[in-house]
Amino acid sequence: MLQELRTTGSPGITIISDSVLLPGRDLLLSFILASLQRGEQLHVIAFDVSREDFFAGFPGEFASRVTFHDGFSDPLGWESDPSAFTRDDFTVTSIMKRVGRPELPVTIVLDSLSWILARIPLTSVCHTLLGLTAAPHEGCGKLRMLALLHGDLHSPALLGSLSTVVDTFLDVRGSGEHLHVCVRHRRKTGKVISSGEELRILDTFALDIMMHRDSATRKENEVDPTKDLTFNLRLSDTERERKESAALPYVFSSNKKSSLLSSSSSSSAKIYYDPDPADDVDDEDPDDDLDV
Amino acid sequence: MEGLPQCTALRAGCSKMAAPSNQGVNCREMSAGTETSFRRKVRGKLPAIRGTRPSVHNGQLLLSTGVPSLDHVLGGGLAVGTLLLIEEDTYSTYSNLLLKYFLAEGVVNGHEIYIASASEDPANILKDLPAPLTDEMPKPDDRKSEKQTSGFTEDPQETMKIAWRYQNMAKVESLPMSSTRFGHYYDISKTISPEMLQTAKSHSFYWPGTFLNQEDSLLCSSCEMTCDYYRLLESIQRVIHEGGYDGSNPQKRQKNILRIGIQSLGSVLWGDDICSSEHPQNLHSLTRFLYALRGLLRTSLSTCVITVPAHLIQNKAIMLRVRNLSDTVVGLESFIGSEKETNPLYKDYHGLLHVHQVPRLNSLTCDASDTKDLAFKLKRKLFAIERLHLPPDLSDTVSRLSKQDLAGSAKLLSSGCGTAAAGEKHLDF
Amino acid sequence: MFPELNSLLGGGTVQQGKVTLVAARRTDGNFLLHHFLSSYLRAGCNVCFLGLVQSFSHYNIIAQKLGVNLVLARGEGRLVFLEGLRSCTDLLFGKKEDGDTNPLRFLRCRDGSDLRPLYDFVCASLAPPSGGSWRCPVLIVDDVGVLLSLGATAAQVLDFMQYCRAHVCCKHKGNVLCLIRGDSEDEENELVMKSLWHQSNLVLQAEGLPTGFCKDVHGQLTITWRAAAAGERDRAELYQYKIQDKSVSFFARGLSAAVL
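Chains as they are written, first to last, in full-length UniProt numbering: chain A, 1 to 292; chain B, 1 to 429; chain C, 1 to 260.
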C-alpha cells in the first residue's frame, strides 16, 4: 500500500513520524522524488535544516525544480531578511500567496511539523493544515501536504489528536537495515486501512518493499472466541471416550437385562421380619367394624 | 595565573576563587584514584587564613563543615567559593544540626557568619550553636601500638612511633581525637559560650522581619525574581562587598572567610510554592537565586550551606535543576518514623547519608571517598558518618532480610558522585 | 585534547559546518567539553565559549593540563569567553546603564524573554576581523540546560540554538558544540536534548554505568555519527571510560584495565 501511495500520490495530509534513532528524512525525499516524477509542482518549507542539508544526496536536476522556502535562517525575523519564511508566515493566505497559481497539482512539504507545533498552538496548526488541503484553491486544485514530524518530541495525546486530522500517518519504526513503517490511511469514504511494511530506501530514492502485512491478510489469524472462556465447550478425545463408556443409572441396558433374568431363576424373594416389642400387633382387621 | 593568597592581585577583573595556591614540589607520582592521604608538601605562599587548608588533590582551599567525618567523605572539606546543598530529612532534625555545626565551626575559627532563615530568628540560632570540645583529653585509639606514643600533640598523626606506617592512611575519623586546627568536635548538649559568640562577627537575615513595603516592590520590578529571594541575594551581596570578601578593599585587614548558612530555602515560609503545590507558579525563582548566588560565591572568599526540604518538592525537574546548580549535594534520610527504624540492619544508626554530587572544580576528577553506603549516627559529642556495616548475622532470618534491604539501599545509594546511574541490578560481589 | 578520544572520533583535520551535541545523563560530561575546547584551539580555530556554569579560571586550569593556555588565547583574540556568572552578577548589582549591553539581560524579565541579546553577542564575537585572517569559527555552549533553569522556555532556547547554527555553520562554515546535562525526569530538558539531537551531526552521550557505581570505570560513552547524506544510516559505538587527572582512557565495554 505504501508503494501505491507513493506513486499515485497520497491525497490530503500525509505525516511521516520519525524519531531520534530512526530519521525519516529519506522517506520524505523518496516521496518528493515520486511527486516530481509525476510532474507536480513542489514547495518545500524547511525550518529544521538549511537548503544544502535538506538536499544532500538528492539528484541535482530534481532539486532545482523544487521551490525552497527558507524557514531555517531567520524564522523569527531577528536578521530582518525579507525572503525568509518566518513563523508568522505559517498561515493559509501567506502560503497560498507564495504558491501562486501554477495550473499544476501542487504538493507542499513541511520539514518539520514539530518545529511549528513547538511555537504555534495545535488548534491553529490543524486549522491551517486543513485550510490548505480540504478545499480546492484557485489555479491549483486541491493541495497535497507532506510533513515530517519528530514523534519523540511530542506527547502521545498530541500525536493521537493529530492523527485524527490527517489522512495518512506513516510511523517509522524498526531497527536494523530495513525500516519498518506502519501505515494508516483513511480513504475518502471514511474507511481506514492500516498495514505494516518492511522496506529499504535505495540510492535512487525508490522504495524496495520487502514485506508487507495489511489488514486483509490479518483476517486469517482469526481470534478463537471460545479460547478464554471459563467453561468448556468441547471435549477432548479421552473425555469423549470416558463419556461414552459411562453407565447411566436409569437406562435399561442389555447387561442389566441379563442380570435380572439370571437372578429370577433363584428362589423367590423372602421377607424377613423381626417383630419389635414396641410394635402393637393386632391381628384384628380394623376394617371389620365397618358395616359395609 | 595567580593563586588565591595574592591579595594585591585580586583585581575586580579576574576571578580567582576556587583556584589553587601556588604549587611547590609535586611529591605525588601516583595517578589519581588511589586513596592515600599523602600530604603534598606545598611550599610557596600559603593563605594564612584560619581554619582552611589546601586540598591534597589540587591545592584548592578547603574549609571544614564542622563534622570531620563529613569532611572526609567530601574529600577533605568544602572548597571555598562553593555551595553545599543539604537535602533535608523528613523533620529537618539532622539537617538543622549540620547547619549548626557549620556555623559553630565558623565561630571557633573566627570566620564571619551570615545566617538567613524564615522560620527561626537567626539570633536564636546563634545562641543555640553547640559548644566545641576544646578541653577534652584525647582518648587512646584501639590499636595497642598507639598507646606507646608519648603524649599527644596537636596532630597525633605525626607522632606514631611504632605504627608509623599507618600514619598517613586514610581513615574515617569517627573517634574523638584531640582538636586539630582543621575540623573540631562539638558537644550538642552544651551551647556555645556567649564570650565566644561575641568574638564572632555575624550578620543575619530573617525573612518575616523584612516585609515587603512600597519601595521594595519598585526595586524588584527591575529584576523580577520573587521578592524575598532577591532581597536575600542583595543582603548577601552587600555583606560580601562591605566585608571586602570579593577583593574590594584589598589592604583592609587579614583575610577571612565568610560562612553563609541558609535554612530551609524553598519552603513555604520563604513565600515559595514549590513545596506546597504540584504545579507551582514559581518555577524559576529558586534556580535563578542559586545561579546568582553561585556567581557571588565564585568571586569571593565565602562558602555557603543551604538546606532545602527536597522531600516536599513535588516537581522532580526543579529538584534536578537545583542539584545541577549546586556544587556539592548531600541528602539526609533519617529513620525517624519510617519502617527502617525497626529494621535490625539499621539499628546502630540514625539515618543514611547520600552523597548525590561532588564538584569537579579545576580538575577532571573529584576527590570524594568511594564508599557509597554511608550512614550516620548522632552521639552527644560526635556526629559520626560511617560506612554501613551489616550487623553480625546472629539469627537465621536476619540474613535474608538484610540482603533484600541491601539491594534496596544499593539502588538508592548507587547514584553517588554523579558518575553512576541508578543501578537496576544488585551485584552480589 | 585526549589522544584516545581523538582517534575514536576519527582524528584528522577539523571538519567544518558540523553541529556536535554532548549529552550528559546524570553524570558530568565536562571532560568532553575540555577535549573539544583544547582541540579546537590547537587547530587554530576562533572559539566563542559561553561558559555559563563555571568561572574562567576553572576552564583555564584544566586546559593547562591539556596543554592549552586560555589566557594567552584570549589575549590573542582567538578565544572570546563569556563568563555567565560574572555577567549575571554585573546585571543584578552593577550599574543600570551597563545592563543594556549585557548578553544575559533576558534575566531582567520574570518569565524570560527571548535570547536575542545572547545571539547578538555570539555574532559579534565571531565576526571576522577586518583585514585579519579568518579561521573556522566555533561556538561552544556550556550548558544549554542552565538557560532553562534561568527562565527561558524550551522554544526560546531552541530558537537561540537554531539562529546560532544558521549563523555559524551555514553562513560562516563553522562548528557549533553544545553541552546539555539532563535527566529523563526533567521533561523540558529532555525535549531540548532530543530536538538538538535531531539537528546534530555528531552526538556524544555520556552516562553512568547501568549497573551502578564502579571505581575503575566511571561511565560509558556512546558516539553516534548521524547520517551525513540521504541514504546513509546512523552509526553508533559504545565505549567505557575512566577519568584521570590529565587524561581520560577509553576502552571497549568490559575490557577495563582493572578487570583484565
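Hints in this document: simulated from the structure, not taken from any laboratory.
Do not take every clue at face value.
Said to hold, decoys possible - Computed list of lysine-lysine pairs in DSS-like fashion (alpha-carbon distance at most 30 Å, straight line):
1. 316/B to 194/C
2. 190/B to 161/B
3. 95/C to 255/B
4. 257/A to 188/A
5. 215/C to 316/B
6. 188/A to 256/A
7. 97/A to 171/C
8. 215/C to 18/C
9. 377/B to 215/C
10. 347/B to 215/C
11. 340/B to 215/C
Unchecked claim - One-sided and incomplete, this derived list gives chain A residues near chain C with beta-carbon spacing under 7 Å:
12. 9
13. 76
14. 118
15. 120
16. 152
17. 252
Since the model is a prediction, treat every value here as computed from it, not as a measurement.
The beta carbon of each residue, even a glycine, is placed where N, CA and C say it ideally should be.
Right, here's what the structure says about each hint:
Note on residue 316/B and residue 194/C: the hinted pairing holds, with a Cα-Cα distance of about 19 Å set against a maximum of 30 Å. With a CA separation close to 36 Å, the supplied pair residue 190/B and residue 161/B exceeds the 30 Å bound. Annotation: proposed proximity of residue 95/C to residue 255/B holds, straight-line Cα distance about 27 Å (limit 30 Å). Restraint check for residue 257/A and residue 188/A: not satisfied, since their Cα atoms lie roughly 76 Å apart, outside the 30 Å limit.
Restraint check: the Cα-Cα separation between residue 215/C and residue 316/B comes to about 28 Å, which is no more than 30 Å; the hinted pair holds. Straight-line distance between C-alpha atoms of residue 188/A and residue 256/A comes to about 74 Å, which puts the hinted pair past the 30 Å bound. With a C-alpha separation of about 28 Å, the suggested pairing of residue 97/A with residue 171/C holds against the 30 Å cut-off. Distance check on the hinted pair: residue 215/C and residue 18/C sit about 35 Å apart at the alpha-carbon level, beyond 30 Å; violated.
Restraint check for residue 377/B and residue 215/C: the C-alpha separation of about 26 Å stays at or below 30 Å, so the hint holds. The straight-line distance between the Cα atoms of residue 347/B and residue 215/C is roughly 29 Å, inside the 30 Å bound, and the hint therefore holds. Of the pairs offered as hints, the one joining residue 340/B and residue 215/C holds, with about 28 Å between alpha carbons and a cut-off of 30 Å not exceeded. Checking residue 9/A against chain C: minimum C-beta separation of about 20 Å lies over 7 Å; hint violated.
A distance limit of 7 Å between C-beta atoms decides the matter here; for residue 76/A the minimum to chain C is near 6 Å, and the interface restraint holds. Interface hint at residue 118/A: satisfied, since its Cβ lies 5 Å from the closest Cβ of chain C, which is below the 7 Å cut-off. At about 10 Å, the closest approach between the beta carbon of residue 120/A and any beta carbon in chain C exceeds 7 Å, and the interface hint on this residue is violated. At its closest, the beta carbon of residue 152/A sits 6 Å from a beta carbon of chain C; the interface hint therefore holds under the 7 Å criterion.
The beta carbon of residue 252/A comes no nearer than 76 Å to any beta carbon in chain C, farther than 7 Å, and the hint placing it at the interface is violated.
In summary, the structure is inconsistent with hints 2, 4, 6, 8, 12, 15 and 17 from the numbered list given earlier, while agreeing with the others.
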